[in-house]
Amino acid sequence: MKESLKSLALALLVLTSIVQTGMLWYSSPSNQGNLPKLQHIPTIGHKDFQKEEIHQLAAPSEIMLHHDGEHRRILPGADHQTLIDRLHHARLENPQTIDPSPAEWKKWLDDETGLELRFRHELPVEVIQAFFQGETEIPELDTVHRIWISGEGDNNQVTVWLISDQTQTVVEGTALLQNYDEMLKLADQAAERPLKAFLNGKEGNFDEEDLKREGAVPRFVYLPPNRAAINRWSYNLEQKRQINVEDMKMILFRNPNNVEKTAISNHIDIYTDVDSSRSLRYNEQNNTMVYTNLLNDTEQELPDPREKLNTIISFMNRHSGWTGNYLLNRVETNQDNGASDFFFQLHVKGLPLYGSEPFPKWEEIRLSAQQGITHYERSLIFFSSRSGQKHPDHLPSGNEVREALKKQNADLSDVRQIYPGYHAVTRENKLELEPVWVVDFYNGKQGFLSVSQTGRDVEWTGAKLKPS
Amino acid sequence: MRWLRVFNSVQWKVVVIYVLLLLIAMQLIGVYFFQKLEDHFYYTFRDDLKSQAGILQEVVKDQMTPGTESDEQKKRIDDILNKLPLDKSNDVQIVDQEGVVIATTSGEKSSEGVKNPRVDRVLQGYEDSTTEVNYQAGNRYMLYSYPIKNDGRITGAVYIEAPMQGMYSTIKSINKILIKITAIAMAGTSFLGIILARTITNPIKEITEQATIMAEGDFDRKVTVKNDDEIGKLASAFNHLAQHLRNALSQKEEEKGRLQSVLANMSDGVIATDRKGKVIVSNRRAEEMLGKKVQHRKDINQILPLTNPILLPLTEEREIFLELDREEEDFTIIKLNFTPVLRASREAIGLILVLQDVTEEEKLDRQRKEFVANVSHELRTPLTTIKSYLEALDEGGALEEPELASRFLGVTRQEAERMTRLINDLLQLSRLDSKKVRFHKQPLKPIEVLEAAADRFRFQCQQKNIDFHLSLKEDLPRIYAARDQIDQVLDNLLSNAVKYTPEGHSVSLSARQKADGFVEVAISDTGIGIPQKDLERIFERFYRVDKARSRSMGGTGLGLAIAREIVQAHGGTIRMESRYREGTTVRITLPPCEPEVTSS
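Going down the list, the protein sequences come from chains A and B.
Each residue of the first sequence is one higher than the one before, counting from 1 in our numbering.
Each residue of the second sequence is one higher than the one before, counting from 1 in our numbering.
Treat the hints as calculated values from the structure; they're not laboratory data.
Among the hints, erroneous ones may be present.
[Claimed, not checked] Cβ-Cβ distance ranges computed for the label pairs, FRET-style:
1. Glu112/B / Ile264/A: 34 to 40 Å
2. Gln157/A / Glu112/B: 38 to 44 Å
3. Asn236/A / Gly54/B: 55 to 61 Å
4. Gln133/A / Glu112/B: 25 to 31 Å
5. Gln133/A / Asn82/B: 42 to 48 Å
6. Gln335/A / Glu112/B: 35 to 41 Å
7. Asn244/A / Gly54/B: 55 to 61 Å
8. Ile264/A / Leu28/B: 45 to 51 Å
[Said to hold, decoys possible] Using 25 Å as the maximum straight-line C-alpha spacing, the simulated DSS-like pairs for lysine-lysine come out as follows:
9. Lys13/B / Lys2/A
10. Lys406/A / Lys196/A
11. Lys37/A / Lys88/B
Being a predicted model, the structure only gives us computed values, none of them experimental.
Just so you know, even glycine gets a beta-carbon here, dropped at the ideal spot from N, CA and C.
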């Protein structure tokens, strides 16, 4: 019995040693087999809409060509892009604050030939700097609303005015624009029909008194003398395209495998990663999403909006997040964290799109960036611009606009700016993009003027109260 | 399973255990060595990657400003990666803060713009670096992640995917060498193990063989004591043991022989049984006494013709007398003595049966009883006669008739004399029995003794008209005897011859020297003879063939018994030959005074 036990013990010892050897042999080194794989980032939009540089993304919604008292609008498109790109090759030099006299303004309006880049809102001066080469310091200017480029084209030397309507400040500099004449020719080709300039509701032939009354920097509004022909676009709602929230998850989280989904209501899910620094709130009903990255938010703020925009460009290009021609509309300071929120406006056929009735937030993308993207808010619905059907339509004439404003107990002196755009409405299972005059009042309210469906009247939508 | 028996030996056990222990030791050493070797290579490999990643981090960090990456930046990083003397077999990736690959050394640019979640923990700042091993397409790869830091901020990561097959090839080569060395060492040590085992087991084997032979009965074996180690001591002890065994067995054999001899030659029969009564030992005497073969393993109750069988197991001694009637003998009485063999716990484990032939004792007892009865009878007969005649004299008035009284007294005297003779004879026999008689032996010439005896009976023979012949050889040697006792014997025998020989018949007395030198005296008659059946008992005391005749002739019935005692006391013999109704011859032999041998 004892001998058998000894033999058994020896056999077990040998067996154990062999098993142990085998285990050690095969277990070392350990293979962390189920490692996350490299993941291709899904792309959701079309590469055509990608913006490579700030000046492309922050391009003005309109460029006005002024020539011998004639004012013509150049809407975003290929030529618009070319003009901006050419401007980008110029280096701004000797910028200094000036205080133009009413005579100079009059001259500028009536006689000068030049291009006026009109932004919808005041943009940080650093963003404007990105339109030029180099890092030229621009004094006494925080924001810029317009850029005025004029000159005779001698030695391609042009004068550049950076105008802030908000602070009534003008900074003048010079720039060397290669083939400036060609630029003007291109602008001439691209520009639409001439418009009439209005100042404080007065139409044309402004004297110095008019200009002096306006202030240091006069703000002109341009309207067509007659109805302007423009296409209306309609899209089948079935043609809408939806971004998969799972794709967004893949895009937005470093390790999508570690993301947890939490349903906080019937229509709202929140996706968070392990350390909860990132979250994605998905509203299934509205098809909207809001992504925040608190970790990036807490880090030191980047001082320069250009860096933020570059971050945004990299980020959006990486997943082809621009599902249309989005251009920087405005930069707002977040009241909660003091960060800069960048709002990008969708432009269809060169015109900004308004009206979020059918699909909330689909016309605008909001992005914030610090070390990385801290906030990303958008609709998950988009339409391919190629799928629309066009119908001829018109924009009301200048007089119709003035009449319509009168009906709203307002006039052009209340209007900060007025520009063409599309207003989205749904009719009979179709998304209709109606051409409208977008009217921004000084009080911040906004309204839309369009030709009625009968073609006889002008319809007003938007702000109803008299702005005062 | 026969081949397994090969291993059922100490030699192979020692070899197998030795080899297995060696194997275990080598395995442990090998595994430990392998682990340490692998660890060393592993950490060296990792440190190399760490060093590479560190250099890359230093070079690339300035290009990794968060959020500002552009094609130009990517190009710059690509240039850096191309210019650095990096191991081309490694796939180095520069990953931005979002975990997206922005540059890689692998030819596949498709991996750029791809998200690499493996650097997640490094980017999150949870770990300074991560090292993982992964299998891809049959090869191991070390995946090393290292953060790119700029002013303390993590702006990206260096990710290196390095194939480890080179490292493992080296380890494999070293392992092969180790395994070869192990195999050679195993073979060598196994060979040495066999030799060692043989050194140990061969003497044991020899002892085993000798022990086996000893077990078969040959104790004249010795093993060679080669040295004084434990095995040598074992061999010496074995030899010593063998010597002792030889002596012990020899003693045992002698003892056994003696016991068997005792058992075989015992006058008593012995039968031993086990506790169930099965015979395990018996001797020849028991078979003789029982008159049949005692078979071993046979039940004792089947062997013994007992009326009541013995109840087994027997716990107390028991004694039984068994009378066997046999055709050739009158009877045999056997005393059976049963003795249980008990353990200390009083448990019976067997039985010893001793058989004693008590036939002679019984016969003697009977003879004694018969002798007493005979003596009583012989004494009572004359006493009764005397008493009767005396009473007749007293009561019958015989005294008034002198003749009758005289006749009565004569009868009374005659009976008294007879009683006297009887008593004398008894006394003489008693003395002879107790060897109290002192014989005055002296050399006698037989002729003188015999002629004197003849002279004493010649007259009686003439009176009975019996022809008496004396035939003596002249050269008879002298005998050494007591004259009186020899005369008594001759008188007795001649008296008997004359008594039981009718008239007209003859009695002869002759003597001769036998070949052995003894003097044989023969007294022959042509008388009534003795039946054959009485012949054997004729020398018994009080034995009479014809009691009435004998008594009437005045015999005491003790004459022949006395004669035999006397002759035997002289170293001679007495025997009787007789034919019924034809005659009787009594021959006595007496030793010569000087031993001499004569031709017969």
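Hints and how they fare:
1. Under the hint 34 to 40 Å, the C-beta atoms of Glu112/B and Ile264/A, about 37 Å apart, fit the expected range.
2. For the hinted restraint 38 to 44 Å between Gln157/A and Glu112/B, the CB-CB distance of approximately 42 Å keeps it satisfied.
3. One distance hint, 55 to 61 Å for the beta-carbon pair Asn236/A and Gly54/B, holds here, with the actual separation near 58 Å.
4. At about 28 Å, the beta-carbon gap between Gln133/A and Glu112/B stays in the expected band of 25 to 31 Å.
5. Separated by about 28 Å at the C-beta atoms, Gln133/A and Asn82/B break the suggested range of 42 to 48 Å.
6. A hinted range of 35 to 41 Å holds for the C-beta pair Gln335/A and Glu112/B, which are about 39 Å apart.
7. About 40 Å separates the C-beta atoms of Asn244/A and Gly54/B, a value inconsistent with the hinted range of 55 to 61 Å.
8. For the pair Ile264/A and Leu28/B, the supplied restraint of 45 to 51 Å is violated, since their beta-carbon distance comes to about 58 Å.
9. Proposed proximity of Lys13/B and Lys2/A is supported: the alpha carbons are some 15 Å apart, at most 25 Å.
10. As the CA atoms of Lys406/A and Lys196/A are separated by approximately 18 Å, the hinted pair is consistent with the 25 Å bound.
11. With a C-alpha separation of about 22 Å, the suggested pairing of Lys37/A with Lys88/B holds against the 25 Å cut-off.
Checked against the numbered hints above, the structure violates hints 5, 7 and 8; every other hint is satisfied.
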